[in-house]
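Got chain H sorted already, so can you dock chain E with the ligands onto it with the hints?
In the order they appear, the protein sequences are chains H and E. When you read off a place in the first sequence, starting at 1, and then add 15, the result is the number in my numbering. When you read off a place in the second sequence, starting at 1, and then add 27, the result is the number in my numbering.
Take these hints with a grain of salt, some might be off.
[Said to hold, decoys possible] Listed next, with one range per pair, are the computed distances between beta-carbon atoms:
no.	chain 1	residue 1	chain 2	residue 2	range
1	E	30	H	150	41 to 49 angstroms
2	H	136	E	320	41 to 49 angstroms
3	H	128	E	43	28 to 36 angstroms
4	H	92	E	43	40 to 48 angstroms
5	H	92	E	264	31 to 39 angstroms
6	H	40	E	111	27 to 35 angstroms
7	E	190	H	59	41 to 49 angstroms
8	E	112	H	150	51 to 59 angstroms
9	H	89	E	244	51 to 59 angstroms
10	H	81	E	320	53 to 61 angstroms
11	E	30	H	81	55 to 63 angstroms
12	E	264	H	129	35 to 43 angstroms
Treat the hints as calculated values from the structure; they're not laboratory data. Virtual Cβ for every residue (Gly too), placed ideally from N, Cα, C.
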Amino acid sequence: MFLHALQEHFGFISKDAVEWTASKLGLQPINVHELVTFYPMFRQEPLGRHQIKVCRTLSCALAGAHQVRTFFCKRVGLDPHKHGPQTTSDGHYTVEFVECLASCGTAPVVMVNETFHEQVTVEKAEQILAGCRAT
Amino acid sequence: MPQEHRLILKHADAPGYTPDVECYTRHGGYEALRKALAMIPRDLPDGKKMSPQEQIREDVKLSGLRGRGGAGFSCGIKWSLVDRRSGKPIYLICNADESEPGTFKDRQILHKDPHQLIEGMIISCWANDVKLAYIYIRGEFPAGAKILNHALKEARARGFLGKNILGAGYDLEIHVHRGAGAYICGEETGLIESLEGKRAYPRIKPPYFPAVLGLYMCPTIVNNVETLCAVKHIVSMGGADYARLGTPNNTGTRIVSLSGDVKRPGYYEVEVGKASVGELIFHENFGQGLREGRRLKAIIPGGSSSKVLKAGEKFKLKRKPPDGQMVATDVDLLDLPYDFDSLQSAGTMSGSGAIIVLDDTRSMVDTLSNVSEFYAHESCGQCTPCREGSLWMSKALDRLSNGQGRKQDADYLLHIAQNIQGRTICAFGEACAWPVLSFVKKFKDEFETRGAEQEAARAGAGTAGGASGQ
Ligand SMILES: Cc1cc2nc3c(=O)[nH]c(=O)nc-3n(C[C@H](O)[C@H](O)[C@H](O)COP(=O)(O)O)c2cc1C
Ligand code: SF4
Ligand code: FES
Numbered sequence: 016m017f018l019h020a021l022q023e024h025f026g027f028i029s030k031d032a033v034e035w036t037a038s039k040l041g042l043q044p045i046n047v048h049e050l051v052t053f054y055p056m057f058r059q060e061p062l063g064r065h066q067i068k069v070c071r072t073l074s075c076a077l078a079g080a081h082q083v084r085t086f087f088c089k090r091v092g093l094d095p096h097k098h099g100p101q102t103t104s105d106g107h108y109t110v111e112f113v114e115c116l117a118s119c120g121t122a123p124v125v126m127v128n129e130t131f132h133e134q135v136t137v138e139k140a141e142q143i144l145a146g147c148r149a150t
Numbered sequence: 028m029p030q031e032h033r034l035i036l037k038h039a040d041a042p043g044y045t046p047d048v049e050c051y052t053r054h055g056g057y058e059a060l061r062k063a064l065a066m067i068p069r070d071l072p073d074g075k076k077m078s079p080q081e082q083i084r085e086d087v088k089l090s091g092l093r094g095r096g097g098a099g100f101s102c103g104i105k106w107s108l109v110d111r112r113s114g115k116p117i118y119l120i121c122n123a124d125e126s127e128p129g130t131f132k133d134r135q136i137l138h139k140d141p142h143q144l145i146e147g148m149i150i151s152c153w154a155n156d157v158k159l160a161y162i163y164i165r166g167e168f169p170a171g172a173k174i175l176n177h178a179l180k181e182a183r184a185r186g187f188l189g190k191n192i193l194g195a196g197y198d199l200e201i202h203v204h205r206g207a208g209a210y211i212c213g214e215e216t217g218l219i220e221s222l223e224g225k226r227a228y229p230r231i232k233p234p235y236f237p238a239v240l241g242l243y244m245c246p247t248i249v250n251n252v253e254t255l256c257a258v259k260h261i262v263s264m265g266g267a268d269y270a271r272l273g274t275p276n277n278t279g280t281r282i283v284s285l286s287g288d289v290k291r292p293g294y295y296e297v298e299v300g301k302a303s304v305g306e307l308i309f310h311e312n313f314g315q316g317l318r319e320g321r322r323l324k325a326i327i328p329g330g331s332s333s334k335v336l337k338a339g340e341k342f343k344l345k346r347k348p349p350d351g352q353m354v355a356t357d358v359d360l361l362d363l364p365y366d367f368d369s370l371q372s373a374g375t376m377s378g379s380g381a382i383i384v385l386d387d388t389r390s391m392v393d394t395l396s397n398v399s400e401f402y403a404h405e406s407c408g409q410c411t412p413c414r415e416g417s418l419w420m421s422k423a424l425d426r427l428s429n430g431q432g433r434k435q436d437a438d439y440l441l442h443i444a445q446n447i448q449g450r451t452i453c454a455f456g457e458a459c460a461w462p463v464l465s466f467v468k469k470f471k472d473e474f475e476t477r478g479a480e481q482e483a484a485r486a487g488a489g490t491a492g493g494a495s496g497q
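In isolation and in its complexed conformation, chain E is listed as follows:
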């Protein structure tokens, strides 16, 4: 039976659990940090020694942990790309911008269990020789920022943070930086610019890979809140054991944010790939299905930037049964395991782990109009295709949504979206193009019919002598 597997959220919602340090340490908090700092160099067969830091980095690689912020990039590989020979300081930034529409998991950790994040960060910083780290928290979490600042103070008072941490001779400082309401600050290079006190204009890669030229042009690691919490558990339980959770190449647990047209929206921590899309929506342990009399129309599987999936769609999934040979099988949307690779095979992504469910009472035109308005508002404005394109798409959709559309708007939208993707500085270009491409392609009838009806209505009004709709 599919059920939650709470690792990161194990205590967060337990009755009486509070965000203060006493409560955290009572529940075994900061033991992983003690364990990490007490590690000793390991002898290698070739006579060399592997430092504790290297051992943790190896273990994170072994764990298979993939970033929970959006791209699902291997955390271990990300850390291995950090330029350690530049002689410059290495920074670590926790991305707590949580701004991808549909996502509300980091909020739970920040508000209910801040020390878990702090412990994960301290371990990650130690493993990467970081002396100064930041938590970039979105401006709309004023309470979260207060809780974090208080928790940092407590950690300092207990010797978990600051000078000579737990007597191990390691110094680290962590500061909280508040954003001010711009989605693009979630993009890692935009975030870095914002942290430097500038407009959050993403930087072009290459050359500005954070691992080499990040904050103040120094090597920088940017990780999501949930990713950094997972590091703590990897150190506690060991990378190999962590990798046994979830499914191969999609290891560990992940917090799924479920919203939209389900009876029980909420956040559910599951082993990655152990629950299918259908189970997350319909099973009594999760979404409990749609409201009475409604049928599933579509889902947005990984935050609003991901491509929409239509009810009844079938996908070819490559699977490797225990006896070896890869076989491709047809899988229905509802049977798709909710993991990184399966969603990618289905032509979309699990992104930030946010599923938005749409039932048959929803108009795809109005839904997409809502989504596109978000992107039109949030484009940072650096690249012309994104700045202008996101606005054109939103205006065209607004017209369609309000009776002023045309039949050819569907093709017009596809044309604009195709000209944005791949032509921009940051992945926001794709983020605003993908919803349009997928909605219009998969529900083209709905868009064309709506436009055609509006044209006909205007023509009718015109011949009857009424005012033209334009």
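Isolated chain H (complex conformation):
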């Protein structure tokens, strides 16, 4: 999908990008906008450089996904009680819950940008953050 390319390049899909795409395809902007709002992976505002997606779904929840998300939130200075994606003010990190990432046998799992981490404990989460800081 073309929107994937935009999302990857700009990190989000702006109003301008929506209008530009629509004009290229001979569509109304609303036809493109409705896709951006429907699919969770398309974003309307820029996210952090490191997008930390913690799986929230059952097998991961049973294995401690909530503790993992809380840990990430606290360590980068976000409010663990708030719902939805949150981004730090310096734009370094976005932390959010996502649904089943299809790796429930190695729960809990976390995706940071395109990198996948399994059986994430608090210690492992610490290492993941160290890895983020190094890049």
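Quick look at chain E with the ligands alone, frame taken from chain H:
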């Protein structure tokens, strides 16, 4: 002794096995394709000829293969329903959306042995006169999409794909399409809409049966990754031999995804029906039992959409012993063979082959709350009962989970769930209603007690002059 029977995952985890085409062909890869393309028309008793394509379709029917994506529908029958006279092109789509919570089997194939899927697809396309096929892969598998694209390139370079495949005069192209994080794209008609570049709004059946009015309103076959891999093995070994694996009407092998409260979660490929639910959870070759001191409370047997089964439940199973007569026997949950028909007899389904185990430390209220939040988030929003109902159920469960519940919430939840099932465009309606119906019915005490305690606590706080809980 129950053990794995690795057919599809035979090589995937072998040391040194890599996803590239050299490795695949070294292990006998693309031989089934060669075999298929070299087949010759067979003479029938009535003087007519059966084309190689028809022979493969017959063989897939004979194999008894049932879809591994969720519904367990016969693959051979699905293929026979395709409208071949419309004059329109026929499309094939591989459903690699793997989004049913608890399922992580297609991931193994896509990442570790992509050529096996591609070979299965090419054979399936050839058998169905398909010239253009798609792999719809979920957006959260960026690495998988790269591996697949690379593998397709390799297959093209080797002449397995593209124009004039292996000199047999057959042309086929396969493209990868990435999803963007919506569960409903796993539903076949939602997937088709999404592939057409729209919101994944499932289509109503009838009239939009993919076999007749699918992608771009053309006849379309949608099959799961594992189903298409099985086709390759059916062609290699022959449908009759494949049907000898597993149990009658539940043939072949199946990859079971086991997660939750077991010592050794993982994916286990077994002959369908040869291992029982209890063996999969407790046997040393599989889950190895629960953690120290824990007891089994319940299992979700076929992905989170399937109805929960309670430890100690007994089911009537119809069985046909070798000497003929059908007899109904009482079978304990743990002795239930893990196959399509037995789980259906137990009032649930084997769905995507994903078992989630819950031990006695788990609250059914909190567990269901987690499950329902998923459905509330993932409803596509087309049908009012599903869009509103899934949200109401999730909100009620969230209240119960966080101390704001009432005793009558249990009945309230049942009432909503009953009003969703059967009243929606797609099977998501059932998928979100079934967990609620089964959890609340089978563990009603737990739900009512939790609600009643919370009411009492609020009333106590109220008389003591504290703030009301509402
Ligand atoms: C809500 C919903 C979600 C589904 N998700 C998936 C999925 O992620 N992967 C899949 O293969 N099938 C999924 N299915 C089943 C597909 O609709 C379809 O039956 C299947 O891909 C057919 O392939 P098969 O016959 O090889 O099993 C889903 C169905 C529903 C109703
Ligand atoms: S049942 Fe739910 S998911 Fe399916 S079409 Fe209706 S609203 Fe969408
Ligand atoms: S529940 Fe987290 S990966 Fe499936």
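Satisfaction of the hinted span 41 to 49 angstroms by the C-beta atoms belonging to residue 136 (chain H) and residue 320 (chain E): 21 angstroms Cβ-Cβ, so the 41 to 49 angstroms window is violated.
Evaluate the given range 31 to 39 angstroms for the C-beta pair formed by residue 92 (chain H) and residue 264 (chain E). violated, 58 angstroms
Hint check for residue 81 (chain H) and residue 30 (chain E) - Cβ pair distance inside 55 to 63 angstroms: violated, 36 angstroms
In this structure, is the beta-carbon distance linking residue 190 (chain E) and residue 59 (chain H) contained in 41 to 49 angstroms? Since residue 190 (chain E) and residue 59 (chain H) have Cβ atoms about 42 angstroms apart, the given range 41 to 49 angstroms holds.
Would you say the C-beta atoms of residue 81 (chain H) and residue 320 (chain E) sit inside 53 to 61 angstroms of each other? violated, 23 angstroms
Do the beta carbons of residue 92 (chain H) and residue 43 (chain E) sit within 40 to 48 angstroms of each other? Given a distance of about 45 angstroms, which is inside 40 to 48 angstroms, the answer is holds.
Within 41 to 49 angstroms or not, the Cβ separation of residue 30 (chain E) and residue 150 (chain H)? About 44 angstroms separates the Cβ atoms of residue 30 (chain E) and residue 150 (chain H), which means 41 to 49 angstroms holds.
Taking 28 to 36 angstroms as the stated bounds, is the beta-carbon spacing between residue 128 (chain H) and residue 43 (chain E) within them? holds, 29 angstroms
Taking the beta carbons of residue 89 (chain H) and residue 244 (chain E), is their distance inside 51 to 59 angstroms? With a Cβ separation near 52 angstroms, residue 89 (chain H) and residue 244 (chain E) satisfy 51 to 59 angstroms, so the hint holds.
Holds or violated: the 27 to 35 angstroms window for the beta-carbon distance between residue 40 (chain H) and residue 111 (chain E)? Once the Cβ atoms are compared, 33 angstroms apart, the range 27 to 35 angstroms for residue 111 (chain E) and residue 40 (chain H) holds.
Range first: 35 to 43 angstroms. Now tell me if the beta carbons of residue 264 (chain E) and residue 129 (chain H) are that far apart. Cβ of residue 264 (chain E) to Cβ of residue 129 (chain H): about 38 angstroms, so the range 35 to 43 angstroms holds.
Cβ-Cβ distance between residue 112 (chain E) and residue 150 (chain H): within 51 to 59 angstroms? holds, 57 angstroms
The earlier numbered hints that this structure contradicts are 2, 5, 10, 11.
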